[in-house]
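There are 2 protein chains.
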Amino acid sequence: MTIGFEILARDGAARMGRLATAHGSIETPAFMPIGTAATVKAMTPDGVAATGARIVLGNTYHLMLRPGAERIAALGGLHRFMNWPHAILTDSGGFQVMSLAALRKISEEGVAFRSHLDGSAHLLTPERSIEIQHLLGADITMALDECTPFPVERDQVEASMELTLRWAERSRAAFKPRPGHGIFGIVQGGVHPDLRERSAARLVEIGFDGYAIGGLAIGEGQATTFAMVEATVPALPPDRPRYLMGVGKPADLVGAVRQGIDMFDCVLPTRSGRTGQAFTREGTLNLRNARHAEDAAPLDPQCRCPACTGFSRAYLHHLTKAGEILASMLLTAHNLTYYADLMRGLREAIAAGRLSEFAGAELLPPPLLDERKVG
Amino acid sequence: MTIGFEILARDGAARMGRLATAHGSIETPAFMPIGTAATVKAMTPDGVAATGARIVLGNTYHLMLRPGAERIAALGGLHRFMNWPHAILTDSGGFQVMSLAALRKISEEGVAFRSHLDGSAHLLTPERSIEIQHLLGADITMALDECTPFPVERDQVEASMELTLRWAERSRAAFKPRPGHGIFGIVQGGVHPDLRERSAARLVEIGFDGYAIGGLAIGEGQATTFAMVEATVPALPPDRPRYLMGVGKPADLVGAVRQGIDMFDCVLPTRSGRTGQAFTREGTLNLRNARHAEDAAPLDPQCRCPACTGFSRAYLHHLTKAGEILASMLLTAHNLTYYADLMRGLREAIAAGRLSEFAGAELLPPPLLDERKVG
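Listed in order, the protein sequences are those of chains A and B. For the first sequence, the positions run 444 to 818 when the working numbering is used. For the second sequence, the positions run 444 to 818 when the working numbering is used.
The hints are simulated quantities; they were obtained by calculation from the structure and are not laboratory data. Quick caveat: nothing in here was measured; it's all calculated off a predicted structure. Hints are supplied without guarantee of correctness; some may be wrong.
It does not matter which identical chain is meant; a pair holds if it fits inside one copy or across any two.
As the list claims (entries may be wrong) - Below 20 Å or equal to it, Euclidean Cα-Cα: the simulated DMTMM-like pairs (lysine to aspartate or glutamate) are: (1) Lys619 / Glu605; (2) Lys764 / Glu800; (3) Lys548 / Asp561; (4) Lys764 / Asp561; (5) Lys619 / Glu648; (6) Lys764 / Glu513; (7) Lys764 / Glu612; (8) Lys692 / Glu513; (9) Lys692 / Glu663.
Please construct the entire structure, taking both the sequences and the accompanying hints into account.
Following this line, the structure appears as C-alpha cells:
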C-alpha cells in the first residue's frame with residue numbers, strides 16, 4: 444500500500460537500493476531533476492530519461508497557481524500532462540511560499556499568500572497541500588513544512604519545528620494511501636542537533652513512508668549541513684528512504700551519500716546549464732569563458748551526452764555567447780547526465796564496497812576552475 | 444564540378460526534382476529552415492533532420508561577426524561546427540547588411556558597415572562574401588546582392604539592380620568551383636517586370652548553378668510577389684534550380700511551387716514557434732489563447748512531430764504562458780514538420796499530376812484563425 448524500498452548493498456553508512464513506485468523503480472542513491480512548472484527546463488521528457496533519471500520533482504506552489512491542480516487532474520494527472528512515464532515526487536509548496544516574504548502570512552491553519560503571477564489570494568494548509576499533490580498524482584507526496592530561515596534565533600527555530608510537526612500529523616492524516624504511492628515527513632530544526640533529533644523522532648512516531656531532511660543548504664555551509672545529517676540519520680528508521688532536500692553540488696552529494704542519504708534534488712545542474720556552466724570530470728567550466736572559443740575538443744570526452752558526443756567546446760562557447768536556446772538545451776542535458784552518472788558511480792562504488800575510494804575520484808570535480816583563471 | 448539538379452516530374456510549370464550536393468541530395472520543392480547563428484533556434488541538428496529537412500540556411504553576416512568565418516574554417520567548417528551532416532546554403536550577407544540602415548554605406552566596391560554586436564568596422568565585398576561562404580564550406584553559395592528596399596523610385600531600383608549585376612559578375616569570378624558545390628545568382632528589379640526580366644537574362648549570361656529571386660516578400664503583397672515570379676521564371680534556364688528567397692506562408696509556397704519555384708527559406712515556422720504560433724491542418728493557432736487551456740487534444744492529430752504525438756494543446760498552452768523553453772522547442776519542431784510535410788505533399792502532388800487539386804487542400808491553412816475569434 445506504499446512505495447517499496449529495498450536495500451541491496453551497504454558500505455559504511457551508505458546504502459545502495461531500489462525504490463518501487465506506481466511509475467517504476469528508481470535505483471538509489473538517486474538525484475531528482477527539478478521539473479518546476481511541469482517541465483524540466485530546456486528538456487523534453489525523452490531527453491530527461493536519456494540522462495538516466497527515473498524520477499523528477501514537481502512544484503506544488505507553481506502548479507497550483509498555473510495551470511492549477513484541478514486542471515491537471517482533469518487532464519489525467521501530472522504524468523500524462525507532461526508526458527513523463529516515470530516517477531514524480533512533488534514538494535509541499537512550503538519552501539516556495541515561505542520565500543514570498545511580504546506576500547505571505549503563516550498561522551496555525553496554514554500559509555495565506557498572494558500569487559506572484561496575478562496577486563490572487565490563496566491559503567495553503569497541510570490538507571490542501573496533500574490534496575493538490577493527490578490531484579497531481581505524485582508518486583511521492585511531501586508533508587507541508589515550514590522551512591525555517593537561516594540564521595534565526597533558537598526559540599524561533601524550535602517553534603517553527605513544532606509547527607512543522609503539527610502540520611506533519613495533519614498531512615499524514617490527509618494523505619490517502621494507494622499502492623505505489625507514499626508520503627514523506629520533513630525533519631526541521633535549523634542548525635541545532637537536538638532539535639533535529641527531536642523532530643526526526645516525532646516524525647517516526649507519526650510514521651511516514653520516507654523521511655526528508657529540510658531547511659538545509661540555505662547558507663549554513665557544507666560542514667553544518669553534514670553535521671545536521673549526522674544528528675538526524677540515527678533517529679530515522681534504517682529500512683526507509685532518506686531524502687536530503689535542495690542538495691547540492693557534486694561534493695555535497697558524495698558526502699551525504701556516505702552519511703546514508705538516498706535521494707537528492709537541486710536546481711544546480713539545470714539552472715547552471717542555462718547560464719553556461721558545465722560540470723565535467725576536470726571541474727566546473729564556464730562556457731562563456733573566451734579560452735573555449737577555439738577549442739575543438741568536446742566538453743568532456745568521457746561523457747555520453749548529446750553535447751559531448753556531437754559538439755566542440757568552441758561551438759558551446761559560441762552558443763552561450765549568442766544566447767542561443769540550444770546552449771541551454773545541450774548544457775542542461777550534459778549537467779543532468781553528469782549528475783546521473785555521478786549517482787551511478789556512487790551506487791556502483793557502494794555495491795563494490797569501495798565508496799571510501801570515491802572521495803577524490805574522477806567524478807568529483809573541484810569547484811569552479813574558471814573562477815580561478817579567467818581567460 | 445557543380446551541384447546536380449534532376450527534374451523527375453512536372454505538373455504545369457511546377458517541377459519535382461532532386462538537388463545533389465556534396466552533403467547529400469535534397470528533394471525539391473524544398474523548404475530550408477533558417478540556421479542563422481549556426482543553429483536552427485531551439486532545435487538540435489537531429490531534431491531538424493527528424494522534421495524531414497535535408498538543407499538549412501546559414502547567415503554569412505551573423506557568422507562572419509560571431510564566431511568568425513576563419514574560426515569556423517579552423518574548426519572544420521560549418522557542417523562540423525554545428526554537427527549538421529546534410530546540405531547548407533549560405534546567404535551572401537547582403538540582406539542583413541542592408542537592414543543595418545544607419546550603420547552601413549554602399550559603394551561600388553561593396554558595403555562598409557559596423558557590427559551590431561560591438562560596433563567594429565567591416566567591409567563586405569562580393570569577393571569577401573564568396574570567400575566567407577567558402578570558409579564556412581557552404582554547399583550552395585549566394586552571390587552578393589543589394590536587396591532593394593520597397594517602396595522606392597524606379598530609377599533607384601534600376602541602379603540597384605545594375606549594381607547587383609556587377610556584383611554578381613565579381614561573385615561568380617571569385618567563386619572556386621568544387622564538386623558538389625555551386626553558386627546561385629540573385630534576380631533583383633523590385634516590382635518592375637521588365638527589370639526582373641533584364642536582371643534574370645543578364646545573370647543567365649554570366650552563368651550560375653542556380654537562380655534566386657530576391658528582394659520580394661518585403662511588403663509588396665502576395666499578388667505582386669507572384670507577378671514578379673511570373674516575369675522572372677521564363678527568363679531562367681529550365682534545367683537549373685530556382686529559389687524564392689524569404690518566402691513564406693504556406694499559401695505563398697503552394698502558389699510559388701505552381702509557378703515553377705524549387706526552393707524556399709523563411710523565418711516564419713521557427714520564429715512563430717518561439718511566440719506560440721503553430722501551423723496546423725485546421726489553420727494557424729495561437730497557443731497562448733485561453734481557449735486551449737483545457738483542451739486535451741493534440742495540436743494536430745495527423746502530425747507525426749514530438750509536440751503532437753506527446754502532448755495536449757492544454758500542455759502547450761501552459762508552456763507558452765509560463766515562458767518555458769520547451770514551448771519553443773516543441774512548437775519549432777512542429778512548425779518545421781508542418782513545412783516539411785507541406786513540401787512533401789507538394790512533391791507527391793506534382794509526381795501524381797494532381798497539383799491543381801492541392802490549392803484548397805487540407806495542408807493549406809487559412810490565415811490566423813485565432814485572430815478572428817479570441818477566446
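### Query
Can you name, in rising order, the numbers of the hints this structure does not satisfy?
Hints 1, 2, 7 and 8 not satisfied by this model.
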